[in-house]
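Build the full structure now, drawing on both the sequences and the hints.
There are 2 protein chains.
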Amino acid sequence: MTDRRFPLRLDLKRGTVDMSHGAGGRATAQLIAEVFQAALDNGLLAQGNDQALFSPPAGRLVMSTDGHVISPLFFPGGDIGCLSVHGTINDVAMAGARPLYLSAGFIIEEGFPLDDLVRIVQSMGEAAKAAGVPIVTGDTKVVERGKGDGVFITTTGIGVVPDGIQISGDLARPGDAILVSGSIGDHGVSILSKRENLGFATEIHSDTAALHDLVAAMVASVPEIHCLRDPTRGGLATTLNELAFQSGVGMQIREECIPIKAEVSAACELLGLDPLYVANEGKLIAICPADRAEHLLATMRAHPLGSESAIIGAVVEDDLHFVQMETGFGGSRIVDWLAGEQLPRIC
Amino acid sequence: MTDRRFPLRLDLKRGTVDMSHGAGGRATAQLIAEVFQAALDNGLLAQGNDQALFSPPAGRLVMSTDGHVISPLFFPGGDIGCLSVHGTINDVAMAGARPLYLSAGFIIEEGFPLDDLVRIVQSMGEAAKAAGVPIVTGDTKVVERGKGDGVFITTTGIGVVPDGIQISGDLARPGDAILVSGSIGDHGVSILSKRENLGFATEIHSDTAALHDLVAAMVASVPEIHCLRDPTRGGLATTLNELAFQSGVGMQIREECIPIKAEVSAACELLGLDPLYVANEGKLIAICPADRAEHLLATMRAHPLGSESAIIGAVVEDDLHFVQMETGFGGSRIVDWLAGEQLPRIC
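Residue numbers (UniProt numbering), protein chains in the order written: chain H, 1 to 347; chain U, 1 to 347.
Certain hints may be false.
Treat identical chains as interchangeable: a pair holds within one or across any two.
[Unchecked claim] Think about it this way: if two alpha-carbon atoms lie no more than 27 Å apart in a straight line, the pair counts; the simulated DSS-like pairs of lysine-lysine are:
#: 1; residue 1: 147; residue 2: 194
#: 2; residue 1: 13; residue 2: 194
#: 3; residue 1: 13; residue 2: 129
#: 4; residue 1: 194; residue 2: 261
Keep in mind the hints are simulated off the structure, nothing from the lab. Predicted model only: the values in this text are computed from it and were never measured.
In structure tokens form, the structure reads like this:
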């Protein structure tokens, strides 16, 4: 159907975003129709209002937001589009919640190729569809060349928490077991190798993935889970420190139990990175009562996104809230917060 | 209380944001604690998780998101902080909804003064508090100098729609009355005069304001309202065209009925702008059955944010969905969509 508003269709192959696409008039409407609605097609978005209307199930909801400024925009295993869907779905899921809806706000730099924008938005649409979590409302702004960097995407999600589930970063208790859902460092190493054109013999792929289905299986099987968190920026080490501080406890982990791929380990050694601080985008940390840990581990391993799960340590009493690691050589060291920037713009 | 994580407090007077504040480690945690939590203090944000947990009233919810890239960041009558709160509250309210909660995602350019960031976040906190709509979760990213422009803020809001209210852009019907809640063009002219250092004798202030309380009075008094929309980017003209297109109707408005301040009119003439296309941030358009229009007008005028409300025209049948305006000289002209960019980065 032709739309009298747009006598000429956008040139999605050779065109670029210009300032008029952010001005709120006809050009904005055309960008929304021919790029965003085309790729994110769903009934709620098609309402065409400045907000989406829906009736969530009664009960406790969670809301989470995440800005994505990753560079480069396309990387082995994903792109900023699917990452921005997975990232917020995961933040919602880490409350034990079932994600319901997403919003997306785009800040696009003038001159950005429409072709790249279409690829990114299609990747978002596919990720949202695969996850069963539609993007129901959005916004587009354009900034002048040199005032942005390609595209930034801020997604926000809401989800519903099943009755009886109480998961929060302040609920870790001495004696609890600490689990991780798979190998660490894949995402950060993938980005860095792409950014630096390192060309490793084995290409390392980002682990970007939506974890809500894994979480649903986990909370159904072990509703007593105390904490869930995805170790993104700052990596496993920083996330454990956050949880230790928030819960007022210490943690004791064992290096040999932490899953890490041989090629990621090798790349980290080459680059002088500590994999404990490297970002992940498809992994989670779970803390649960010790007597439920083996059952939780079995549930996680039975899920495709948790097949390499491991118990990596235990929560201990410590008024200073330290995270300590027993190293492979039988020693012990304090695993502190990430102090500065290890890898900028990793997500 | 001193926090062992941060032995030295941030220098909020002379310090700047650096890349480490976006890396997710200790510096990020300190920025969140000493800037964001300090200014946005509320119980839900203090949960300290990557998501906020709450129990909304049962019923229909709406969700809306808006990115804010306004330049300059500070302008007569407001700043990007309060604007980002008002903008999303208004998008939620335009469904007739009562806004409940906001999230905020910050994308900050390396080198941005902490002093300015504190002013902006305090302004957000004050706007959120005045509106009774807390900012319950957030995210902070930092991009390298020259890859952003000071700060961009994406806010997302959710709200609950009262039973019996059905407001949507596709519900305008021939015969309906069109109302506007006050003078148009104030925001856009304020930004432009500041940007261009025009120094008018009378400083023109942005009308940035949260309209949810006005909307609550309107839907309580006239639940039959068909459409509500805030004429931001693209101004009154573009918003009327959106509604006409969405509802499959035409619109007939009268120039002499449209409220506009003398100084805004003069500034527009000087700058070669058509005030119909200039952005507003504290005004709304309402469309309702003709026989309820006078009652709705009286309700709007009784509210401080609607005291200059006016009935500006009527919805008509028109298969081409034109917006036509009877001019002051007795003629008539088509008021089309904003075609290109009139004022970039106005919100």
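Non-conforming hints, listed in increasing numerical order: none
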